[in-house]
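2 protein chains.
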Amino acid sequence: MKVPRKLLSFLKEKDNFFIATHINPEGDAIGSAVALSMALESQGKKTVVYDRDIVPEFCRFLPGHERFKNSTLDFQPSAFNLILLDCNSLERAGIEGLSFKYSAVIDHHEPAPLCGARPGTEENFGDIRWVEPEAAATGMMIFYLIKEIGIKITRDIAINLYSAIAVDTGTFRYNNTTAEVLMVGAELIAAGASPAYISNHLYETWSKERFALLIMALNSIEIRDEIAMTVVTTRMYKKTGTGPEDTENFSNFPRIMKDIKISAFFREIGNNYWKVSLRSRGDVNVATVAALFKGGGHRNASGYKIKASLESAKESLIKAVKSEHRKFCHKP
Amino acid sequence: MKVPRKLLSFLKEKDNFFIATHINPEGDAIGSAVALSMALESQGKKTVVYDRDIVPEFCRFLPGHERFKNSTLDFQPSAFNLILLDCNSLERAGIEGLSFKYSAVIDHHEPAPLCGARPGTEENFGDIRWVEPEAAATGMMIFYLIKEIGIKITRDIAINLYSAIAVDTGTFRYNNTTAEVLMVGAELIAAGASPAYISNHLYETWSKERFALLIMALNSIEIRDEIAMTVVTTRMYKKTGTGPEDTENFSNFPRIMKDIKISAFFREIGNNYWKVSLRSRGDVNVATVAALFKGGGHRNASGYKIKASLESAKESLIKAVKSEHRKFCHKP
Chain A
1 MKVPRKLLSF LKEKDNFFIA THINPEGDAI GSAVALSMAL ESQGKKTVVY
51 DRDIVPEFCR FLPGHERFKN STLDFQPSAF NLILLDCNSL ERAGIEGLSF
101 KYSAVIDHHE PAPLCGARPG TEENFGDIRW VEPEAAATGM MIFYLIKEIG
151 IKITRDIAIN LYSAIAVDTG TFRYNNTTAE VLMVGAELIA AGASPAYISN
201 HLYETWSKER FALLIMALNS IEIRDEIAMT VVTTRMYKKT GTGPEDTENF
251 SNFPRIMKDI KISAFFREIG NNYWKVSLRS RGDVNVATVA ALFKGGGHRN
301 ASGYKIKASL ESAKESLIKA VKSEHRKFCH KP
Chain B
1 MKVPRKLLSF LKEKDNFFIA THINPEGDAI GSAVALSMAL ESQGKKTVVY
51 DRDIVPEFCR FLPGHERFKN STLDFQPSAF NLILLDCNSL ERAGIEGLSF
101 KYSAVIDHHE PAPLCGARPG TEENFGDIRW VEPEAAATGM MIFYLIKEIG
151 IKITRDIAIN LYSAIAVDTG TFRYNNTTAE VLMVGAELIA AGASPAYISN
201 HLYETWSKER FALLIMALNS IEIRDEIAMT VVTTRMYKKT GTGPEDTENF
251 SNFPRIMKDI KISAFFREIG NNYWKVSLRS RGDVNVATVA ALFKGGGHRN
301 ASGYKIKASL ESAKESLIKA VKSEHRKFCH KP
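Same order as they appear, the protein sequences are chains A and B. Per my numbering, the first sequence starts with residue 1, numbered consecutively. Per my numbering, the second sequence starts with residue 1, numbered consecutively.
I should point out that these hints are in silico values taken from the structure, not numbers from a laboratory. There could be a bad hint or two in this list.
To be verified - Have a look at the derived ranges for each label pair, beta carbon to beta carbon:
#, chain 1, residue 1, chain 2, residue 2, range
1, B, Thr-233, A, Glu-209, 52 to 62 Å
2, B, Pro-133, A, Ser-316, 33 to 43 Å
3, B, Arg-60, A, Ser-99, 55 to 65 Å
4, B, Glu-57, A, Lys-239, 28 to 38 Å
Even for Gly, the Cβ is constructed at its ideal location relative to N, Cα and C.
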């Protein structure tokens, strides 16, 4: 991976940076942002790390996560240089309308709007754009960037980058896991990241209440046309003492069944109002299905919102999956 | 890791090998055995690959798994040189009483009997013993062995070794995952192993019936004294159309709860007769707990059988956990 020369000059010449990541941040966004902040500050630069939303519980073991600010009130954006991480539009970071001195984008998401993406998506935001859809994680890009500048990878930086890469590769299980990813992982372990410590924190820190909610969700399972549908209602939150943030990852469990094409997880967000998360494997494209409902995402992980009764929300999903390739993208 | 010179000479000088692994084989045993068989045969040697038990379903995607024979009737053991893989006694391979020309052991399990192990465990079997408790998997040892001999790692060998290592490290999540493990993984990917293909086959090929059984097991959960206890009865098999082999890995699910010390999975194997699988994290030693019931295993994964009603089996486990360190090993 080649770090653009222009980006290196930008980081060298400027003195203060506003590092922003996408709303609803996960491990790759948070780990990459904190690692970059630590690296730049080790060079005497000033950084502010921002996300509109708070750091989710499962990422709070990351050293330096408390750098995140969730408000732009305390500073003057126009005095800063923006580095947008793990997303490529101001809208995705929830900071549309703000203006900065100069801006750089570092992201591994496909820059062009996906088939059916919302209109108005900014495609070409940023004075410098470093977008590598082939990179398994933004954390991989930050790793190469830090190495290229010649900054030492401390233990704290290593933990953040390892976690970023682990989250976006399903801890080396998804098809973005390459030999290069494992080589970088090995280097980060050598620099002080502990795979077991990180995995325990990413995957084994559920509360009993959250586990009880999972069991309820699994009990709701209904399989139709190779789509496994599970549900969490607000009543279930009350019964178990949990909340929406506890449903993170629920959509992945039914994927272990070999005859399931899509796992669809329906989360109640209002009266007859549902957030639907779709997960698939391999060639089954759920980004185009979500697009039919004005949602978005990747080929194997997407989502949308729908106002309907649960039963008709399910029905419309089943119909949409059937019609998807006929009505939408003609690309494979 | 240093491959013993004596072992290299043995493999070079002898012409036929009987490669045997432990009863109830899993990915490390099977992948290592098949990879070694392929490597030796590429050198013009004759090999027989043996396990007393059949290759479990989740390993049948491994190229060459059909090399396994489950009977010793077709050949004369005394005409062969034995290579015992992923275990270090004839008893563990279910071939006690057989005798071979010459024998070598390649294993990463602790050779000394664990505190409370069954009496009569052979500690020093083998003319050549290469035992590396520090190795994450026997697959790691076979990787170095093949490289040392100078045999090309083909795609099929790479898939077998990658799977062996993946299984024994929880796909790079357990605390035996080192920088070296990831470096070897990277080399195996470069040689043709696909992480996503392998992970899908290892973790995402459940039947709907098996998933239904898991939900039933999770519904049985009872948490007492930080021990999460789940149960599968023969009635549940009937209801879901499943069998004991479908419960593989069930014991791991409750481990995602942070306040659980031990996950105990009770599987009915007869009238008032239970197979209990224990799983723990970090310093919580379940090998010594299983030993109290004449069972065995590792620090974080062990098991035993008990004749009792379900309720008293649970009670006796809770008592045993409490008394474990007082009554047994004084080592930390």
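To see whether the hints hold, each was checked on the structure:
1. Thr-233(B) to Glu-209(A): 52 to 62 Å: 27 Å Cβ-Cβ, so the 52 to 62 Å window is violated.
2. Pro-133(B) to Ser-316(A): 33 to 43 Å: 56 Å, violated
3. Arg-60(B) to Ser-99(A): 55 to 65 Å: 59 Å, holds
4. Glu-57(B) to Lys-239(A): 28 to 38 Å: Holds: the Cβ-Cβ distance is about 37 Å, inside 28 to 38 Å.
Of the hints listed earlier, those the structure fails to meet are numbers 1, 2, in rising order.
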